[in-house]
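Trainee: One letter stands for each residue in the lines below.
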Amino acid sequence: MRNRSAEDDPAPLETVFRLDDVHVYYGSFLALRGVNLEISKNEITALIGPSGCGKSTLIRCLNRMNDLIPGARVEGKIHYHGQDLYGDGVDPVEVRRRIGMVFQKPNPFPKSIYDNIAFGPKVIGMGPKSMDELVEHSLRRAALWDEVKDKLKQNALSLSGGQQQRLCIARAIAVEPDVILMDEPCSALDPVSTGRIEDLMEQLKQDYTIVIVTHNMQQAARVSHRTAFFTAEAAEGSGDRTGLLVEYDRTDAIFTQPVDKRTEDYVTGRFG
Amino acid sequence: MTASTEVLAPSRLRRGASRTGFRIFVDAAFAVLLFMGTIVGVIALATLIWTILDQGWDRLVADPAGFLSNYVSRLPARAGIKAALVGSAYLMVLTALFTFPVGVGAAIYLEEFAPRNRATNFVEANIANLAGVPSVVYGLLGLGIFARFLRMGPSLLAGALTLTVMSLPVVIVAAREAIRAVPEGIRLGAFALGATRWQTVSRQVLPAAMPGTLTGTILALSRAIGETAPLLVIGLPIVIFSLPNDLRDPVSALPLLIFDWTSRPQPAFAAAAAAASIILLALLLAMNAVAIFLRNRYTIRW
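These protein sequence lines are chains A and B, in that order.
With this note's numbering applied, the first sequence corresponds to residues 1 to 272, in that order.
With this note's numbering applied, the second sequence corresponds to residues 1 to 302, in that order.
If you're looking for bench data, these hints aren't it; they were derived computationally from the structure.
No incorrect hints appear here.
Covered by chain A, according to a simulated footprint, are these stretches of chain B (three or more residues, beta-carbon under 8 Å):
hint, region
1, 175-186
2, 199-205
Just a sample of chain B residues kept apart from chain A, beta carbon distances all over 12 Å, derived:
hint, residue
3, ALA17
4, ASP27
5, THR228
6, ARG248
A quick note: this is a predicted structure, and the numbers were derived from the prediction, not measured.
We put the CB at the ideal spot given by N, CA and C, even for glycine.
Between the sequences and the hints, there should be enough to build the whole structure, so can you do that?
Mentor: Structure (structure tokens):
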């Protein structure tokens with residue numbers, strides 16, 4: 001029984017992203033079809049599903065990272081705070097500065113910890129009153145400050161994998177984004193580091209809207225407010241598999257009372 | 001009830017049970033063959049060094065200051081390499097100044113900006129081909145374009161530009177390899193922070209690719225410093241009694257001088273040529289040492 005009473009879902013939250021019938025192509029290959037989705041402010045939205053279901057493709061559309069892939073094309077509408085993200089005159093560079101991203105494999109720049117943080121603010125011309133303060137603030141927000149405060153000049157590649165990933169989160173925070181997209185941010189990390197990143201997400205959601213792609217269903221269940229389940233189906237007459245959104249709901253509903261049989265099979269481990 | 005439960009017969013572990021004897025022989029035979037391949041190169045280099053030291057060392061140490069600071073002379077005992085040494089140094093510096101920005105620029109364009117299409121593939125294939133063109137052909141190009149068409153004559157500038165054109169393909173290929181070795185995550189990370197393509201390339205990709213690029217450039221230059229043919233073809237002089245004051249002045253170069261001295265009948269000139277070769281070889285080894293140092297010291301281990 002679905003329990004959608006007012007106390008569970010209080011005041012309607014501001015919508016950050018609204019996706020209308022989004023199709024994504026790579027060349028002539030349809031990677032994802034017909035996605036309708038609303039992502040709310042200050043919530044953590046998880047995208048789950050088996051490999052090849054298009055969840056990473058979708059998250060890369062949200063900050064126009066797919067623009068960098070030759071042949072990638074988005075049809076349908078993605079509205080960001082009411083504006084067409086793919087509309088005329090929208091600059092992907094401006095989009096990415098507002099919608100940050102953390103990647104699957106930690107990718108710190110081969111520079112000092114300090115320079116990793118300072119790079120973003122410098123290139124977008126933020127000109128903070130004090131870069132030192134901004135660096136400290138960002139590292140504190142990413143729960144990394146105490147571990148690195150004495151070695152800010154050290155090369156970031158000398159940090160552990162989990163620290164590198166938190167540095168990447170700090171780096172994303174430094175440019176004061178509105179949204180943080182996380183594409184399987186813990187898949188290269190051990191369980192302890194994963195736990196720390198999850199705690200961090202819990203704190204960050206107060207200031208940011210977070211969208212996370214994850215392979216780990218427990219992770220989605222632990223951290224997210226809403227979960228979108230995707231799957232892949234073979235298109236008629238071809239072997240190519242196209243991703244589609246099966247079900248999108250509050251996370252507890254997805255995991256305890258899924259409406260769609262495919263969702264139920266997946267979350268109960270019968271598939272995928 | 002398969003292999004895992006069977007008892008392993010002791011004979012199965014003996015030598016020769018699965019043709020081990022033959023396979024061990026092949027193993028050892030290839031190790032020896034490959035070692036011999038390596039040793040051929042080492043022996044050739046050792047012989048070369050030994051020969052020029054044997055022939056030139058006495059001449060060099062007899063009057064090292066005079067050998068380095070005298071101009072050429074028809075008397076072998078008074079002949080020196082001043083003009084050629086300074087000329088080679090000037091040629092090298094100018095070639096480096098021209099080659100590095102152009103080569104790195106071309107590599108950046110091809111790796112980071114060029115659209116993936118037939119025109120780009122065509123350009124890429126031909127740059128690789130150009131790296132294999134004999135240097136004397138570059139000399140003809142330099143003679144035709146720089147010395148004659150652009151009226152530079154047999155000058156420092158014409159020589160440096162000819163060596164630049166010759167070195168460019170190698171530098172471009174080396175810089176592209178270095179740029180390609182920078183993980184894609186670095187570019188994506190920079191883009192995701194709102195950096196433009198140029199900011200990403202100039203502040204992240206290029207610095208990370210710099211050790212490899214510098215190493216490749218130095219190795220290309222060390223090849224250029226030893227080149228004789230192209231400089232001979234554009235007509236750089238051997239007998240010259242002044243140092244260049246201007247890009248349009250003529251210069252000589254060490255390989256030209258060595259070439260000239262070795263073709264003279266007097267044995268004393270052969271000794272002088274060997275002595276000059278020692279200097280040239282020392283320069284080359286020093287440049288290669290710098291390249292190796294840069295590679296070991298600054299290469300990023302991702």
